[in-house]
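*Asks:* In case you want the letters, here they are:
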Amino acid sequence: MTFSSKLTLGILLLLCLTLSIGGGWTIDQNLQAALLSSQTQNTAFHQRERSALEQALRADDARSTGAAARSVQNYAGELQSSVGAQSFCFSVMDEQGTTLYSSLPRAVRYDVLRSAIAAGSQSVTFCYPGSSRYMVLASPLQGTMEGLWLVSVYDITALFTERERQLRQYLLLEVTALVLAGTAAAWFSHRMTRPLRALQSAARSMAEGAYDRRVPSCRQAEFDALGQDFNQMAAAVESRVDALQQESQRQTRFVAAFTHELKTPMTSILGYADLLRMGEQPPERRRQAADYIYHESKRLETLSRQLLQLLGLQQGGIILSPVAVRLVFADVRRSLPQDFPAAICTDCDPGAVVLADRSLLGDLVRNLVLNAANAGPKDGAVHLACTRREGGWELSVTDTGCGMAAEELPRITEAFYMVDKSRARRAGGSGLGLSLCAEIARAHGTALEFESRPGKGTTVRLLLKEGTE
Amino acid sequence: MKKGILPTAAALLVCAALLGVPALWARLSDARRLNSVQPRPTLAGALNEEARAIPVLYELHSGTSDTSSTDREELPEPDLADLCAEAAEPVSALADAGVISAGEKARLDALLAQAPLQYYRQNSGALQSLSLVWPQQDAAASTAAIHLSRQTATGVYVSFGLSVGGDLDAETRLRAWLVMLGVDVLGDWEPVDTGSYADTFALYSAKGQATAYCTAAAGWVNLQLSKGSLTF
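Protein chains in written order, with this note's numbering: chain A, 11 to 479; chain B, 15 to 246.
If you are wondering where the hints come from, they were derived from the structure by calculation, not from laboratory data. Treat the hints with caution; some may be incorrect.
Computed from the model, here is a short list of chain A residues facing chain B with C-beta under 7 angstroms [as the list claims (entries may be wrong)]:
no., residue
1, Leu24
2, Leu27
3, Gly34
4, Ile37
5, Phe136
A virtual CB, placed ideally from N, CA and C, is assigned to each residue, including glycine.
Model the full assembly from the supplied sequences, consistent with the hints where possible.
*Replies:* Encoded structure:
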C-alpha cells in the first residue's frame with residue numbers, strides 16, 4: 011500500500027469518524043432540545059387540562075367513581091363540542107386502575123398508562139407504538155375523591171419524523187463531503203508524494219548503473235532538501251565510481267606493464283641460461299651470455315627496489331626537515347658515474363633551504379638528471395637550477411634533448427610508461443623512474459610540472475616550501 | 015498492488031460502517047429514552063406538586079375565596095354560646111401551637127366567656143368567616159374582637175384577627191402558625207420586605223405560590239395566608 015493511499019484513507023477515515031460522531035451527537039441534541047420544548051409545552055397543556063378537570067369534578071361534587079366518570083364524560087363532551095375530538099387525548103383512571111374515561115389512541119396500551127402513573131406526577135414517559143411516538147404525563151386529580159389520575163398523551167411523532175429527515179439529509183451531506191474530501195485528499199497526497207516517487211525512480215536508475223541520474227527540485231521545502239541531499243550523494247557516488255574505475259584501469263595497466271617488464275628480462279635470462287646449459291660454448295659467447303644474464307638480473311633488481319620504494323611512499327609518510335638545496339645537488343653530482351654522458355650545470359642560490367627528505371629529494375633530482383641525460387641533450391649538458399618563488403624555492407631540471415609531444419605529458423608519470431621504450435631499455439630504464447619522482451613530490455606536498463617541446467628539450471619544475479637551516 | 019487491496023477495502027468498509035453511526039446513535043438514544051423516566055419541566059409561576067399535595071394550599075389556589083364578591087350575611091338568630099364555642103376551638107389550637115401565649119389565650123377565653131355585642135358570618139363558598147365583637151372594657155381600651163376565616167373544603171383557618179398582643183413578636187407567631195398549618199414542609203419560605211409596616215412579618219413560598227404574614231401591634235394580632243405574592 012503506497013504512502014499516498016494510506017494518507018488518503020487515513021484522512022477519509024478520520025473525516026468519516028468526525029462527521030459521523032459529530033452528526034450523530036448534533037442530531038440527537040436537536041431532538042433533545044425539541045423534546046424539552048415539547049415537554050414544557052405539553053406540561054402546560056396537561057396542567058391546564060388537570061385544573062379544568064378538577065374544577066369540573068368540584069363543580070359536580072363528584073365524590074364517587076360513578077359521579078366522577080359522569081363528570082369527566084360531561085367535561086369531555088363539552089370539550090369535544092368546542093375544540094373537536096382530535097384536540098385532546100387523555101384518560102382518567104381511579105387508583106384501582108379502572109378507566110373512567112379515555113380518548114387515547116388504541117395503540118397506547120394500558121400498561122403504558124399504569125407505568126406513567128407509577129412514574130409519578132413529576133415525570134415524563136414515552137411510548138413508541140408502531141411508527142408513532144407519544145409523550146405521556148400523569149397527574150393526580152385533587153379536590154374531590156382520592157385516587158383519580160389524569161393521564162395525557164401527546165403525539166410527538168412529528169419530532170421524530172423531523173429527526174429522520176435530518177438523518178437522511180445528513181447522510182447525503184456526509185457522503186458528498188467524503189467523496190469531495192476523498193478526491194481532494196487523493197489528489198493532494200498524490201501531488202505531495204510526487205517528489206518521493208521521483209526520488210524512488212532516481213534511486214532505482216542509480217542501482218541499475220545510471221549514476222548521472224538526478225532528481226529535479228520541487229516546491230516543498232522538506233522534499234526539496236531531501237532531493238538536494240540525494241543529488242549530492244549521487245554526485246559523490248558518481249565521482250567515487252569514476253575514481254574507482256580510473257583506479258581500476260590504472261591498476262590493470264600497471265599489472266599489464268609490470269608483467270611485460272618482468273617478462274622481457276626473464277625471457278633474455280632464460281634464453282641465455284638455456285644456451286649455457288646446452289653445452290660448452292666459446293668463451294666470447296659464454297661471456298656475452300653471462301653479461302646479458304647479469305644486466306637483466308640487475309634490471310630486475312632495480313625494478314623490484316624501485317617498486318618497493320614506490321609502495322613504501324604510497325603507504326607511509328615521510329619526515330621533512332630543512333635541507334640546503336646546494337647539498338642535494340652536490341649529492342646528485344657525486345652519485346653519478348664517472349662516465350656520465352652529460353655535463354651537470356648548476357645554478358643554485360647558496361642560501362636556498364627547503365623542507366624535504368634529503369635522501370628522497372636527491373633520488374628525485376638524480377632520476378630527473380638521468381632522464382635528461384638519456385634524452386640526448388644537444389649541448390651535452392643537464393641544467394640544475396634553484397630559484398626563489400613566492401612561498402618557497404623552485405627546483406628545475408632542464409635539458410635540450412629530444413623532448414616529448416604534448417599528448418605524452420599526462421601519462422609520463424604512470425608506472426612503466428615509456429615514451430620511447432627501446433631507448434629507455436637501452437639506458438637500463440625500468441619505467442618506474444618518473445612514477446617514483448611523482449610519488450616523492452607528492453610526499454613533499456607538491457607536484458612535478460613538465461614543460462616539453464619535441465626536438466627542443468624538456469624542463470621539469472618542482473616547488474618546495476622554504477625551510478630554516 | 016494486491017497487498018494494498020485488502021487494507022483499502024477494509025478502510026472503505028469501515029467508512030461505510032461509520033456512515034451508519036448517526037442512525038445507530040438515534041436508535042440507541044430512542045431505546046434509552048423509551049426505557050427511562052424523565053423529570054417534568056417546572057412551569058414558572060405554577061403551583062409545585064409538593065404544594066399541591068398540601069390541602070390548605072391546593073384549596074387556597076383552586077377555591078374561589080374572593081371575599082369581596084361575597085354577600086355579607088348577618089345571622090338573624092343569635093346563638094351566641096355556639097358561636098363562642100366555635101371560636102374557642104381554633105383559639106385553643108393557636109395556643110397549643112405557640113402562636114399565642116397562655117396569657118393571651120386566657121384573655122381570649124375570658125372574652126369568649128362573655129356574650130359578644132355583635133357577630134357576623136360570611137360564606138363565600140370557599141371561605142367561611144366569623145366575626146365577634148365585644149364592647150370596650152373601659153374608656154381607654156379599644157373594642158375587643160375576634161375574626162376567623164376557614165376554608166370550606168378543608169376546614170382549616172387561614173385568617174385570624176385577635177384582640178390580644180404584646181407577649182410574642184410577629185415572626186415567632188407566624189413561624190409557629192406555618193407549622194400548625196403544615197405548610198412549613200415546603201422549606202422555601204423567604205421573608206418579604208414589609209416596608210413601613212414595622213409590626214408586620216411576612217414570608218413567601220415560591221413552591222406554594224403563597225404569602226403568609228402576621229401583624230402583631232399593641233393589643234391586636236392578625237394572621238393571614240394568601241395566594242400569590244403580596245406587596246406591602
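*Asks:* Of the hints stated earlier, which fail here?
*Replies:* 1
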